[in-house]
Structures are given as C-alpha cells and as structure tokens.
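Engineer: Here are the chains, one letter per residue:
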Amino acid sequence: MSVDIIFAIAVTIMTAATPLLIAAIGELVVERSGVLNLGVEGMMIIGAIAGFAGAQLMGSATAGILFAVGAGMLLSAFFALLVLVMAANQVATGLSITLLGLGLSGLIGNAYIGLPGLKLPKMDIPGLTDLPLIGNLLFGHDILVYASFALAFGVSWFLFKTRSGLILRAVGDNHSSAHAIGYPVLLVRFLAILFGGACAGLAGAYLSLSYTTQWIEGMSAGRGWIALALVVFASWRPMRAIAGAYLFGSVLILQFHAQALGIKVPTQLLSALPYIATILVLILISRNRRLIQSNTPACLGLPFVADK
Amino acid sequence: MKKTVIGALAALSLIAAGATATVQNAIAAGKDKVKVGFVYVGPVGDFGWTYQHDQGRLAVEQALGDKVETTFLESVPEGADAERAIEGLARSGHDLIFTTSFGYMDPTNSVAKKFPDIKFEHATGFKREHPNVSTYDSRFYEGRYVQGMIAGTMSKTGVAGYIASFPIPEVVQGINSFLLGAQSVNPDFKVKVVWVSTWFDPGKEADAAKSLLDQGADILTQHTDSTAAMQVAAERGAFAFGQASDMIKFGPKTQLTAIIDDWAHYYVKRTKQVLDGTWNQQATWDGMTEEHVIMAPFTNMPAELAAKAAKLAESIKNDTFHPFTGPITKKDGTVFLKDGEVAEDGVLAGMNFYVKGMDSELPK
Numbered sequence: 001m002s003v004d005i006i007f008a009i010a011v012t013i014m015t016a017a018t019p020l021l022i023a024a025i026g027e028l029v030v031e032r033s034g035v036l037n038l039g040v041e042g043m044m045i046i047g048a049i050a051g052f053a054g055a056q057l058m059g060s061a062t063a064g065i066l067f068a069v070g071a072g073m074l075l076s077a078f079f080a081l082l083v084l085v086m087a088a089n090q091v092a093t094g095l096s097i098t099l100l101g102l103g104l105s106g107l108i109g110n111a112y113i114g115l116p117g118l119k120l121p122k123m124d125i126p127g128l129t130d131l132p133l134i135g136n137l138l139f140g141h142d143i144l145v146y147a148s149f150a151l152a153f154g155v156s157w158f159l160f161k162t163r164s165g166l167i168l169r170a171v172g173d174n175h176s177s178a179h180a181i182g183y184p185v186l187l188v189r190f191l192a193i194l195f196g197g198a199c200a201g202l203a204g205a206y207l208s209l210s211y212t213t214q215w216i217e218g219m220s221a222g223r224g225w226i227a228l229a230l231v232v233f234a235s236w237r238p239m240r241a242i243a244g245a246y247l248f249g250s251v252l253i254l255q256f257h258a259q260a261l262g263i264k265v266p267t268q269l270l271s272a273l274p275y276i277a278t279i280l281v282l283i284l285i286s287r288n289r290r291l292i293q294s295n296t297p298a299c300l301g302l303p304f305v306a307d308k
Numbered sequence: 001m002k003k004t005v006i007g008a009l010a011a012l013s014l015i016a017a018g019a020t021a022t023v024q025n026a027i028a029a030g031k032d033k034v035k036v037g038f039v040y041v042g043p044v045g046d047f048g049w050t051y052q053h054d055q056g057r058l059a060v061e062q063a064l065g066d067k068v069e070t071t072f073l074e075s076v077p078e079g080a081d082a083e084r085a086i087e088g089l090a091r092s093g094h095d096l097i098f099t100t101s102f103g104y105m106d107p108t109n110s111v112a113k114k115f116p117d118i119k120f121e122h123a124t125g126f127k128r129e130h131p132n133v134s135t136y137d138s139r140f141y142e143g144r145y146v147q148g149m150i151a152g153t154m155s156k157t158g159v160a161g162y163i164a165s166f167p168i169p170e171v172v173q174g175i176n177s178f179l180l181g182a183q184s185v186n187p188d189f190k191v192k193v194v195w196v197s198t199w200f201d202p203g204k205e206a207d208a209a210k211s212l213l214d215q216g217a218d219i220l221t222q223h224t225d226s227t228a229a230m231q232v233a234a235e236r237g238a239f240a241f242g243q244a245s246d247m248i249k250f251g252p253k254t255q256l257t258a259i260i261d262d263w264a265h266y267y268v269k270r271t272k273q274v275l276d277g278t279w280n281q282q283a284t285w286d287g288m289t290e291e292h293v294i295m296a297p298f299t300n301m302p303a304e305l306a307a308k309a310a311k312l313a314e315s316i317k318n319d320t321f322h323p324f325t326g327p328i329t330k331k332d333g334t335v336f337l338k339d340g341e342v343a344e345d346g347v348l349a350g351m352n353f354y355v356k357g358m359d360s361e362l363p364k
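Protein sequences, first through last, are from chains B and S. For reference, each letter of the first sequence is one residue, going 1 to 308 in this note's numbering. For reference, each letter of the second sequence is one residue, going 1 to 364 in this note's numbering.
Rather than coming from a laboratory, the hints here were simulated on the basis of the structure. Possibly wrong hints are sitting among the right ones.
What the hints assert, rightly or not - Per label pair, the in silico range of CB-to-CB distance:
#1 Pro-77(S) with Tyr-183(B): 20 to 28 Å
#2 Ser-164(B) with Thr-299(S): 54 to 62 Å
#3 Ala-80(S) with Ile-276(B): 17 to 25 Å
#4 Ala-80(S) with Ile-125(B): 35 to 43 Å
#5 Gly-93(S) with Phe-149(B): 53 to 61 Å
#6 Leu-58(S) with Leu-131(B): 49 to 57 Å
#7 Val-85(B) with Asp-81(S): 44 to 52 Å
#8 Gln-62(S) with Gly-222(B): 30 to 38 Å
#9 Ser-315(S) with Ile-5(B): 52 to 60 Å
#10 Ile-5(B) with Asp-332(S): 54 to 62 Å
#11 Glu-235(S) with Leu-95(B): 33 to 41 Å
Ideal Cβ placement from N, Cα and C applies to all residues, glycine included.
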C-alpha cells in the first residue's frame, strides 16, 4: 500500500470521526451535569434538515450551520422543559425526543428531497494545503473538522480548569448538596442541555452540508447512538472522546479498505467492532472503582426536585 | 344439552359455509374498490429504490382513481418487525399487499398463510408457499451488463468500484453481469467490491465510495439505495452509474447512465386484476423487454460509445442477446456456461458464485 493511500485514508477517517466527536462532546457536557439525554439522534437529524434547509434558503452552507445549531437547541429546550421543569423520566423523554426528531425531520424535509445541496467550503491555504501528503490532511478540511477539536479542548478546559466547570460537575455529582450551597441546579442543567443540543445540531449540519451534501430521511443512521456510546467509552473525559471518535471512525473506514484490498474478514464482525470496543472499555473501567468514582457523574439520570 | 351444542355447531358451520361462498362469489365477481398496501425498506425520500416503488404506488392511484385506496409503511426493518407490519396491513382491510424488499420473503409467506383471502406480492424473492403469494422482480443484471461495457471502455485505471449491500443472488447477478460487460471490451478489467451490509445508509455508502476511489477505482456503481456514491464521485471527478432512479441531478457531469426501475405498469396491472377478480399466482421476472428496467440517457461519454451502449441495450431488449451467454467460467475454474449456452432463470435466481476475473471472495 503506498503512502498516498494511507494519507487518503487518514483524511477520510477525519470526516467519519468529526460528527461523532461533535455530538459526543455535547452529550458529555449534558451527562456531566447529571442529565442523560437519549435524544441525541433526534437532535442530530433535526440539525441535518435545518442545516440543509437553511443553506437552501440563505444560499450559503455557512448560514445553514446557524440554522442547524438553532434547531438542535430548540429541540433540546423542549427536552429540558420536560425533564427539568416537569421532572419527567429522562430515559423515556430522551427516546421520545429521538422519535420526534426523526419524524419531524422527515416532515420538514419532504420539500427538500432530491435537491442537490450546498457544500461547506474547504479550507485552502495557498502553500500549506498544497504541501505533499500532510497538506490535505492538516489544512484541507472544512471549518467543522477544526471546530470539533476546538470544542473538545475548550470543553476539557472548561470542565477542569474553570469555576463554572466545577459547578457543573458538582451539580452532576451531587445535586442536593449543590442546591444546598445555593447553586441553581436546574439552570446549570438547562444550559448544559442547550449546549448539548447545539452540538448535536452542529453534528447534523456536518452530515447534510459536508459528509453527504443532500437531505435524505434517516440520514443520521444511528450516529447519535454511537456518540452516546462514545461518552461512556471516554469515561466522561473530552480528550478520551477524541481518541474514541477517531478509533470508531477508523474502524468504520478501515473495514471498507480491508474489503477493497480483498482481506478476508467477515464484514459483519467489522461492523460490530465499535460496539465490541465499547463493551470492552466498559468492562475495563468497571473493574477500576476509583476510575468510576472519579469520572461517572453520580446523579446521572436522576431528576432533581428542590425541597420546598 | 349435547343436542343443543351439536345443533349450534351445525348452525355455525352452515353460516361459515355460507360466508365462504359469499366471499368466493365476491372474488369471482371482482370488487368495486380495493385497498392496496405497500411495505418499504427505506424512506420514500431515498431517491432510489423505495422512491421508485412509491412512484409505482402513485401511478396506481392515478390510474384507478377512486376505485383504489393505497397506504404505505416506510423504513420497515427486514426480519421480525416486518411480519408485524405486514400483518398490521392485513388486519386493516387491505386486499392486496406489496412487500418490496428481499428480506420480507419469509414474513410475507407466513402472514399470507393466516390471511388466505388477501393477495400478497413479494419483490425480488423466490418463495411462493401459498396460493395467494406472487413474486415479482426485474432483470437489473441486463442494465448492469451495459454499464459494465461502458465502464470497461471509459475507465483509465481498468478498475471499477462496486458498493454492494448483501450477498444475495440479485446482487451477485449484478456484479457478475457488470464484470462480464466490462470484460467484453477489456479482458483484464477488475471490479473491487465493498459490502456495506445495508440497503440504505448514505454516510456508509459515501465512505465506501471514498475507499474505492482511494484504491484506484475511477468509476463507481452501487447496489444500495441512496445518491451518496454519485455525489462522492462528482466531488472527486470520477464517473458513476445511477441506481434505481435517474440520479443525473446529483452528478450532471458524473452520471454515465442509470438503471431505472419502473414498477408502475406492474402495480397498476396487478391492482386491476384484483379489482376484476382475475388475479392469480405468478412469478414475474421482467426486464428491459417489458420496460421494467429502463436505461437513463447515456451521458458524459463520447458519442460513439453512447451509440454502442444504446445498441447493446436494444439487443438485450429485443432478446437477441443475453448477458449470461457462454462461454463463462466460474471463479473457481469450473465451467458455468458452455459456448453459446444461455443461463436458465432458475440458475440465475440462485446465483451464489463469482465469475472468473473477480479477485475477492464472495462473503457467505
């Protein structure tokens, strides 16, 4: 295999990992605040159609991104209303948000079926992008690929280096105590959920504006669920989410290359690899009590109702 | 007491017999109105396979107006869920149910057993276990051969990429036919196949397309349902063939031609037969001749190649040429067809091997 192919593969892996990473980082923040949002898939697909429709309306793929983020936040605000204000069961609510998102996106998307879409412009720095091999790998992507890294590093810094991040983690670890010291538990969670929705919408925009530039019903095809698995895989640490997203992306892409090269591995096994990896990591981290205690938000999935 | 029970039973059986007779009369005499249900594997907006079936459904509505009522269920997973979906249609008063994916084969037959008065039509399968089950299919491989010939002529690298779904006979026929068509102009032509294990996942299809192009293919063809591969080929400046519907909009400078599935006449014909009571069990396998398979215009190629392709398609259409005409050797070196021998439908319908010239192995 020539070096060219290896670099070409690396570029493809980056595009496969990007939506997973963006959505996972958003969900990571939500879970760190103690809320389990199973609606990622629904928010992602809503982002995909809003991004596509927005790009068509405004005639600009970049404008589409704003629509996608807005739509993701809108749907997540609805989720927040149900689980925070009404203290509804988070699992059931998240699942219904996913179903709602899938259905609603199909309805909105009806008018956009079969339209060729607009593609996000790729970065093109004269001199740098033309560098042999690494030029395209490092400097030839669209803005969202770089945004995914910025998000991961930014969230890591926020969670572990800022006071607000500490409050958010405190809310996720022990909402009663956080409430007792006077932190606005519901407000913190609301903002975290909005951030998660924005990220899921952004990941959706990547799907319809860059990955495959078109609107197709159900085009998120389970990527929201992979993002959810990634958060656990990363044991709620943003840097590990980068590693996880790229591992998942590599597995997704390499299985095709293995086939095209004629390597004999059952394709079904290759498709299952990301999930097998998640299970393995779950087994490994569950053997290490300290790792669980230090990273798993203790109040994950528990509704908070302030004592009167 | 005993007498009463027996009497009641006798009365019941009389009523039942009468009811059956009435039903049979109704069938013989036809119906005033039929309710037709469709089960789709993807969303109607896939712009490929399911989209074309839905165009067929709309054609039924248009042709028969208020004599018909149609419903559809989309994105129904193959397997156990399908049985529930089909049974749901059967219980809600449908007279004719089309199930439009290979994986609905067993579910269709098992629901058909429970509802002998309802007609079932299963696309691309081969099981007709009950008299109320018909199967229908198109000879997509006819179009694949023409595409193969075009790919063999147009490709500079001598390699085409093939995005495949599942290793079922329909897909294997297509790969073999494509390769044979390419070999007719370039005996050393190679086809690289990537199996994505899905009919519809645009992201996966796009990834597979990129992998194939990275590995030297310069023409793509697919047996999956979305337009993703066409778009990837367009971005990379490669060529591609549209699948199931005309995808020229997604690759104005990329699409060489497309295989268009036209289900409309079949759906209209069979619905009419239920209306006038002449429906009977059939195994339909139509191709270009019956215009089940239509080639989109030959674009983005030299005029002489377009003319050659059109002529080849015409020879398949008027039955003077069959893509599977010997001599053809299997990949394992044994003889598939002797010189001049034409493959029988039964053999094609169960095709589970590659022909000579494929490098990879067919997954089990």
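Engineer: Tell me the numbers of any earlier hints that the structure contravenes, in ascending order.
Structural biologist: Going through the list in order, the structure violates hints 1, 4, 7, 9, 10 and respects the others.
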